[in-house]
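Student: Residues per chain, in single letters:
There are 4 protein chains.
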Amino acid sequence: MISESPWDLSSIVPTLMEFRHERDWEQFHRPKELAAAIAIEAAELQELFLWKEGECAVEIQDDEERMKEISDEIADILIYTMYLANDLGINLNEAISGKIEENSERY
Amino acid sequence: MISESPWDLSSIVPTLMEFRHERDWEQFHRPKELAAAIAIEAAELQELFLWKEGECAVEIQDDEERMKEISDEIADILIYTMYLANDLGINLNEAISGKIEENSERY
Amino acid sequence: MISESPWDLSSIVPTLMEFRHERDWEQFHRPKELAAAIAIEAAELQELFLWKEGECAVEIQDDEERMKEISDEIADILIYTMYLANDLGINLNEAISGKIEENSERY
Amino acid sequence: MISESPWDLSSIVPTLMEFRHERDWEQFHRPKELAAAIAIEAAELQELFLWKEGECAVEIQDDEERMKEISDEIADILIYTMYLANDLGINLNEAISGKIEENSERY
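Line order of the protein sequences matches chains Z, W, S and Y. To convert, count from 1 in the first sequence and add 5; that's my numbering. To convert, count from 1 in the second sequence and add 5; that's my numbering. To convert, count from 1 in the third sequence and add 5; that's my numbering. To convert, count from 1 in the fourth sequence and add 5; that's my numbering.
Any given hint could turn out to be false.
Put simply, identical chains are the same to the list, so a pair is met inside one copy or across any two.
[What the hints assert, rightly or not] In the SDA-like style, the derived pairs of lysine to any residue whose C-alpha atoms are separated by at most 20 angstroms in a straight line are:
| # | residue 1 | residue 2 |
| --- | --- | --- |
| 1 | K104 | W12 |
| 2 | K104 | D13 |
| 3 | K104 | A62 |
| 4 | K104 | H34 |
| 5 | K57 | K104 |
| 6 | K104 | E27 |
| 7 | K57 | Y112 |
| 8 | K104 | N91 |
| 9 | K73 | P19 |
| 10 | K57 | D13 |
| 11 | K57 | E110 |
| 12 | K104 | E60 |
| 13 | K104 | M22 |
| 14 | K104 | E52 |
| 15 | K57 | N96 |
| 16 | K57 | G103 |
| 17 | K73 | A62 |
| 18 | K57 | D67 |
| 19 | K104 | S10 |
| 20 | K104 | T20 |
| 21 | K104 | G94 |
| 22 | K57 | E107 |
Since the hints were derived computationally from the structure, they do not count as laboratory data.
Turn these sequences into a full structure, and let the hints steer you where they fit.
Tutor: Shown next as structure tokens:
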């Protein structure tokens, strides 16, 4: 199930869609709801850092349990983002490339 | 610059890292800050749906300007998520696959 | 229009309700929508602090423009929270007092 | 401890400050951290409405357990907002009144 590149999410897409279809959850996944779900998961990710100032990447990496929690929240954000992109027919690759180009001109 | 699969983000990673390095922005990108940035971008995505109830995917897809706005916010969320995953050495592919497996057992 | 205590919001409530009624906005103010609006305003408040680490209250207070921005976002959060509390018949005073008591036992 | 008006939060302020002081939590309450805490609590409030479309106030009011959850999250949002306003010397009453006036001109 796992693709060779850590950044290639292609092989996950069919599994994601199947997972949702089997549970008949498409009916809940209106774009607006998915956007809300992404924001809620993003807040859960942020909560893992609340009241912890000045922590750097290396300190976090040494804490296996925290790494698992962070990794899980990132996965949740991406899962809902992939559903939304799929449902609206947004090409993630092009969306990001386009945004980087715009940012390159701006900054 | 654009990879063939819309879900394969591999080819964007070097561009993203270069973009940040050229502007010397690594110093601002502590994991906690990136998590905050993801949450803020997720709220901006959500704002595009505020006060608009019951809209379905097709209606949104017919509105080119909205599609561009949504696509841009999704890109922003993904860009910060990719920086965070890169900096913590999180494999997106494995993170998502692992989460889907856990969810499959739970639901 | 302004009450004497900075923490007494009573005198604002009728103005808030009138403002909404005149614009016929009750129809948009379902509890779920108000909760989304609060979260979006909270992200806008948070954005004022993004990439700015270690800043203390005094530094912020010296910057009149920032104080105005922060004050405006706090107002937006409170306005939507007051609408939601009003519509659901939640007594803010009791809600907060109850929560402090629970927290006192827990921590 | 409870003031007579549900919207008069004055009598809660000393209790809030004492609660924090006794636990020596002022050190964690930088403005930026409080803003993050508000956003996280706002997401927890929003989560109570996720996947539930079309619900109106009356239906929610009939569900005592949900009312308690919503009330608790509103309290959390307000508690952090009051700490932030207190620490920055922001007058809530004036902030909200000012914002309503601006909005009245705009809409």
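Student: Each hint: holds or not?
Tutor: Results for each hint:
1. K104 <-> W12: Both. Shortest intra-copy (18 angstroms) and inter-copy (16 angstroms) distances satisfy the 20 angstroms Cα cut-off.
2. K104 <-> D13: both (19 angstroms within a copy, 16 angstroms between copies)
3. K104 <-> A62: neither (26 angstroms within a copy, 22 angstroms between copies)
4. K104 <-> H34: Cα proximity of K104 and H34: across copies only (18 angstroms, versus 25 angstroms in one copy).
5. K57 <-> K104: Neither: 31 angstroms inside a copy, 24 angstroms across copies.
6. K104 <-> E27: between (34 angstroms within a copy, 17 angstroms between copies)
7. K57 <-> Y112: between (30 angstroms within a copy, 18 angstroms between copies)
8. K104 <-> N91: both (18 angstroms within a copy, 18 angstroms between copies)
9. K73 <-> P19: neither (24 angstroms within a copy, 25 angstroms between copies)
10. K57 <-> D13: Answer is neither; intra-copy 32 angstroms and inter-copy 33 angstroms both fail.
11. K57 <-> E110: This pair counts as neither: shortest intra-copy Cα distance 35 angstroms, inter-copy 24 angstroms.
12. K104 <-> E60: neither (29 angstroms within a copy, 26 angstroms between copies)
13. K104 <-> M22: So K104 and M22 pass the 20 angstroms test across copies only (14 angstroms; inside, 26 angstroms).
14. K104 <-> E52: For K104 and E52, the Cα distance is within 20 angstroms only across copies (19 angstroms; inside one copy 27 angstroms).
15. K57 <-> N96: Classified as neither; 36 angstroms inside a copy, 24 angstroms across copies.
16. K57 <-> G103: Neither: 34 angstroms inside a chain and 27 angstroms across chains, both beyond 20 angstroms.
17. K73 <-> A62: Answer is within; shortest intra-copy Cα gap is 14 angstroms, inter-copy 33 angstroms.
18. K57 <-> D67: within (15 angstroms within a copy, 26 angstroms between copies)
19. K104 <-> S10: between (22 angstroms within a copy, 18 angstroms between copies)
20. K104 <-> T20: Cα proximity of K104 and T20: across copies only (12 angstroms, versus 28 angstroms in one copy).
21. K104 <-> G94: within (17 angstroms within a copy, 23 angstroms between copies)
22. K57 <-> E107: Answer is neither; intra-copy 33 angstroms and inter-copy 24 angstroms both fail.
In this structure, the earlier hints numbered 3, 5, 9, 10, 11, 12, 15, 16 and 22 are contradicted, and the remaining ones agree with it.
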